[in-house]
Amino acid sequence: MPEISSQRLEAATAPLQFAYWVPNVSGGLVVSKIEQRTDWGYDYNRRLAVLAENNGFDYALSQVRYISSYGAAYQHESTSFSLALLLATERLKVIAAVHPGLWHPGVLAKFLATADHISGGRAAVNVVSGWFKDEFTKLGEPWLEHDERYRRAEEFITYLRNIWTDDHAELSGDFYRLHDFDLKPKPVDVPGRPHPEIFQGGNSTAARAMAGRVSDWYFSNGKDFDGLSEQVLDVNTEAAIHGRTVKFGLNGFLIGRDTEAEARDVLREIVDKADRDAVDGFGSAVKQAGTSSSDGKGMWADSEFADLVQYNDGFKTGLIGTPEQIAERIVAYKARGVNLFLLGFLHYLEDVEYFGAHILPIVRELEADLVSSGRLETELARNGVLTA
Numbered sequence: 001m002p003e004i005s006s007q008r009l010e011a012a013t014a015p016l017q018f019a020y021w022v023p024n025v026s027g028g029l030v031v032s033k034i035e036q037r038t039d040w041g042y043d044y045n046r047r048l049a050v051l052a053e054n055n056g057f058d059y060a061l062s063q064v065r066y067i068s069s070y071g072a073a074y075q076h077e078s079t080s081f082s083l084a085l086l087l088a089t090e091r092l093k094v095i096a097a098v099h100p101g102l103w104h105p106g107v108l109a110k111f112l113a114t115a116d117h118i119s120g121g122r123a124a125v126n127v128v129s130g131w132f133k134d135e136f137t138k139l140g141e142p143w144l145e146h147d148e149r150y151r152r153a154e155e156f157i158t159y160l161r162n163i164w165t166d167d168h169a170e171l172s173g174d175f176y177r178l179h180d181f182d183l184k185p186k187p188v189d190v191p192g193r194p195h196p197e198i199f200q201g202g203n204s205t206a207a208r209a210m211a212g213r214v215s216d217w218y219f220s221n222g223k224d225f226d227g228l229s230e231q232v233l234d235v236n237t238e239a240a241i242h243g244r245t246v247k248f249g250l251n252g253f254l255i256g257r258d259t260e261a262e263a264r265d266v267l268r269e270i271v272d273k274a275d276r277d278a279v280d281g282f283g284s285a286v287k288q289a290g291t292s293s294s295d296g297k298g299m300w301a302d303s304e305f306a307d308l309v310q311y312n313d314g315f316k317t318g319l320i321g322t323p324e325q326i327a328e329r330i331v332a333y334k335a336r337g338v339n340l341f342l343l344g345f346l347h348y349l350e351d352v353e354y355f356g357a358h359i360l361p362i363v364r365e366l367e368a369d370l371v372s373s374g375r376l377e378t379e380l381a382r383n384g385v386l387t388a
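Mapping the sequence shown onto this note's numbering, position 60 (from 1) lands on 60, and the numbers just tick up by one.
Don't read these hints as lab results, they were simulated from the structure. Take the hints with a grain of salt, since some may be wrong.
[As the list claims (entries may be wrong)] Using 30 Å as the maximum straight-line C-alpha spacing, the simulated DSSO-like pairs for lysine-lysine come out as follows: (1) LYS110 to LYS186; (2) LYS33 to LYS133; (3) LYS184 to LYS110; (4) LYS138 to LYS110; (5) LYS184 to LYS33; (6) LYS133 to LYS110; (7) LYS33 to LYS273; (8) LYS138 to LYS33.
All chains should be built: construct the whole structure from the sequences, respecting the hints.
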């Protein structure tokens with residue numbers, strides 16, 4: 001346990017990292033009729049990726065969506081789009097979201113190893129158990145119940161890791177088989193990274209336990225401080241049983257303006273102009289992800305209408321206000337175990353540049369003071385991050 005606490009402290013004291021949602025799906029990041037100056041096309045996204053890596057972003061996450069749904073009429077496939085963004089950038093790591101039920105782990109492992117070599121070790125994956133039933137049934141694939149989807153996702157991650165690290169993978173599970181499978185080339189040898197990083201989301205008990213057992217990163221939907229701390233405790237407790245450490249990413253929709261009143265007005269307009277039919281349809285589809293879990297704690301299980309206007313509860317994180325207010329809240333989450341923020345914006349090009357120029361410098365100043373003063377370790381211990 002002391003070694004695990006030391007690893008957690010090392011991760012927690014490292015500079016916060018930032019990712020952004022790639023708008024490779026039409027409709028923007030809010031289900032609203034408000035103007036969103038963004039575009040799902042490649043030319044726009046290539047420009048955005050370069051801008052993001054020059055404004056403090058470490059990662060980009062390409063969304064996965066296979067069919068039209070809830071305001072997202074058009075979608076680019078996530079893995080190919082991620083590779084294109086890797087080729088357009090120099091430092092940005094790009095995370096491709098994938099559904100285990102629609103990929104074989106051996107095929108994906110091969111694709112990502114190739115993308116990793118092409119990009120110099122910057123490929124990553126987000127394994128999504130799946131919440132949208134139609135994506136599976138309309139492709140003729142079976143739709144599993146909630147906890148079974150997570151069992152499949154856990155097996156999928158286990159196989160990915162084995163394929164990337166073993167010379168002769170031999171595995172026989174409930175969902176996949178491998179017979180003396182030898183992947184060559186293996187992913188790029190990057191110091192501190194044995195293979196492409198494996199991200200995973202989900203709020204349910206099954207998701208938290210799975211993250212503790214097999215994932216490198218756990219993505220949380222938008223949460224207030226208490227909600228985030230509960231998840232960190234659960235994941236860390238399971239990880240400790242298996243002698244592992246897991247890093248934490250938190251979703252947040254960021255609205256930064258020169259005054260708090262301006263930022264609040266933007267939020268109010270987003271919700272007031274919500275596409276009610278689309279939000280209600282989305283809500284009906286995703287609520288089952290929580291209610292069908294064994295304990296009712298799944299993603300979106302406690303989301304209200306206004307929360308669902310932003311696909312992943314991003315308003316709940318509270319990154320709304322002046323640069324100083326947002327930076328202070330970001331660093332307060334750091335003291336509760338967050339290692340990375342996954343951000344969405346209304347007007348991507350303008351807002352990403354605003355973040356880099358006005359918010360990130362304050363974050364770096366505040367977190368440096370928190371670390372150098374010794375207060376970070378005290379806060380992490382008080383919040384149970386080091387001892388779970």
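Structure-based check of all given hints:
{"no.": "1", "hint": "LYS110 to LYS186", "in the structure": "holds, 8 Å"}
{"no.": "2", "hint": "LYS33 to LYS133", "in the structure": "holds, 26 Å"}
{"no.": "3", "hint": "LYS184 to LYS110", "in the structure": "holds, 8 Å"}
{"no.": "4", "hint": "LYS138 to LYS110", "in the structure": "holds, 26 Å"}
{"no.": "5", "hint": "LYS184 to LYS33", "in the structure": "violated, 48 Å"}
{"no.": "6", "hint": "LYS133 to LYS110", "in the structure": "holds, 27 Å"}
{"no.": "7", "hint": "LYS33 to LYS273", "in the structure": "holds, 5 Å"}
{"no.": "8", "hint": "LYS138 to LYS33", "in the structure": "holds, 28 Å"}
Violated hint: 5 only; the structure is consistent with all others.
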